[in-house]
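> Chains A and B are the protein sequences, given in the same order.
According to the working numbering, the residues represented by the first sequence are 55 to 295, in order.
According to the working numbering, the residues represented by the second sequence are 55 to 295, in order.
Heads up, some of the hints might be wrong.
Since the list gives no way to pick one copy over another, a pair counts as held whenever it fits inside one copy or between any two copies.
[Unchecked claim] Only pairs whose alpha carbons sit at most 27 Å apart, straight line, appear in this in silico DSSO-like list of lysine-lysine:
1. Lys99 x Lys198
2. Lys99 x Lys262
3. Lys175 x Lys262
4. Lys198 x Lys181
5. Lys99 x Lys181
6. Lys242 x Lys198
7. Lys242 x Lys136
8. Lys99 x Lys175
9. Lys175 x Lys136
10. Lys256 x Lys175
11. Lys198 x Lys136
12. Lys136 x Lys181
Think of the hints as simulated: they come from the structure by calculation, not from any bench.
2 protein chains.
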Amino acid sequence: MTYELYYWDGIQGRGEFVRLALEDAGADYVDVTRATGRGTSEMLKRMESTTEAYVPFAPPFLRDGDQTISHVANILFYLGPKVGLAPDDEALRCFANGLQLTVTDFIAEVHDTHHPIATSKYYEEQKAEARDRAFEFVTNRIPKYLGYFERILAQNPEGGGHAVGRTTTYVDLSLFQVIEGLRYAFAKAMRHYEESYPNLMKLHASVKARPNIAAYLASSRRLAFNEDGIFRRYPELDIAP
Amino acid sequence: MTYELYYWDGIQGRGEFVRLALEDAGADYVDVTRATGRGTSEMLKRMESTTEAYVPFAPPFLRDGDQTISHVANILFYLGPKVGLAPDDEALRCFANGLQLTVTDFIAEVHDTHHPIATSKYYEEQKAEARDRAFEFVTNRIPKYLGYFERILAQNPEGGGHAVGRTTTYVDLSLFQVIEGLRYAFAKAMRHYEESYPNLMKLHASVKARPNIAAYLASSRRLAFNEDGIFRRYPELDIAP
């Protein structure tokens with residue numbers, strides 16, 4: 055069965071957390087909005103249906119046969135066990151879900167560094183507020199979240215450098231993406247902070263070296279970060295802590 | 055087995071979504087930070103441990119024996135089936151989780167109406183930005199989210215006025231709380247919008263009338279909304295659409 059991933063074309067965005075799992079697993083999937091003969095209109099039609107049941111609020115969502123699964127953490131919780139990227143143990147799966155939801159919260163905060171007032175307006179219309187929010191983000195929020203994930207890695211009773219259990223899970227892949235994005239958008243902060251989080255940096259390097267991830271990153275399927283996405287490089291927001 | 059709920063004392067906040075499920079189910083639980091002989095320090099100790107595994111990032115979290123479950127949606131996904139507030143069908147449970155994560159996103163936006171720049175600062179230090187964000191929230195975000203939930207209720211193939219399937223789930227309880235909170239914090243907007251969402255209003259009334267919910271709401275365990283919580287009544291943010 056081919057999975058169908060629905061997400062905005064042209065950006066990595068939240069879809070990338072799902073894409074990394076599908077790619078690492080070598081899963082058979084189609085990226086609907088980018089696929090020949092398909093496109094964004096198909097995604098919008100599913101979201102805007104006023105007759106269908108189980109419509110998603112927003113992308114990304116995944117279709118597996120007739121089932122629609124929405125929200126990154128929900129998709130990964132569903133997909134993880136099927137593609138070998140979740141722990142076997144049920145309690146650990148629950149813990150992994152909690153970690154992924156912490157990633158979700160962090161990503162929402164990243165988004166709000168450039169859109170602190172209104173998603174319906176351009177960044178250029180909220181630049182002063184974005185600067186203030188980015189200052190808070192760089193000063194307080196990056197160390198709070200990265201410090202937490204560093205502790206999770208250090209305090210994993212299985213050791214081995216994974217977030218959960220003794221194998222690579224979708225949480226590890228998501229933490230890789232978090233570091234990639236932060237390095238792009240907040241380069242000065244990351245240069246300052248990285249040495250404080252050795253376990254996270256090691257995890258990032260080890261995910262990057264996984265054969266399917268390395269192949270994906272080198273492919274045209276991996277879009278570059280850009281200023282339509284969630285992680286944006288605006289020099290005025292790249293504040294040194 | 056007694057469930058242990060950990061959340062900030064003195065506010066409903068995000069803990070309330072879990073509390074409503076525990077109360078509706080008549081589950082045996084202790085609200086740790088409010089319990090005699092216990093308190094907030096116990097919660098902080100669990101969060102701040104630098105030796106334990108599986109530490110939560112933030113409250114609320116639930117303890118069930120030795121297992122710690124964090125994040126509202128994760129807690130409800132775990133708890134729902136055990137207390138009879140989740141659908142039996144696995145695909146519907148997954149859909150319920152997606153809906154609960156939409157509630158989560160909405161609640162984060164509610165929070166940011168009074169804290170658009172920095173959670174580390176007082177509301178009074180970001181009032182001008184809060185006013186702008188609240189305007190966006192009232193104008194665009196309330197109708198976007200409530201319109202979505204209204205469609206979910208209307209397009210539920212089981213009918214019956216529930217968000218998922220044909221029975222009351224934790225999602226219904228959470229939607230009740232969303233309406234309660236909005237009526238408190240954004241009274242003018244809700245007076246304007248409510249007639250557009252008849253299914254949501256009916257669901258709100260039916261949850262409110264459930265015997266265990268009614269008893270809980272009348273009890274001292276239900277704290278009043280206040281201006282330390284997530285839903286806050288600031289006259290200057292109670293903007294008419």
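> Check the structure against each numbered hint from earlier and tell me which ones fail, lowest number first.
2, 3, 5, 7, 9, 10, 11 and 12
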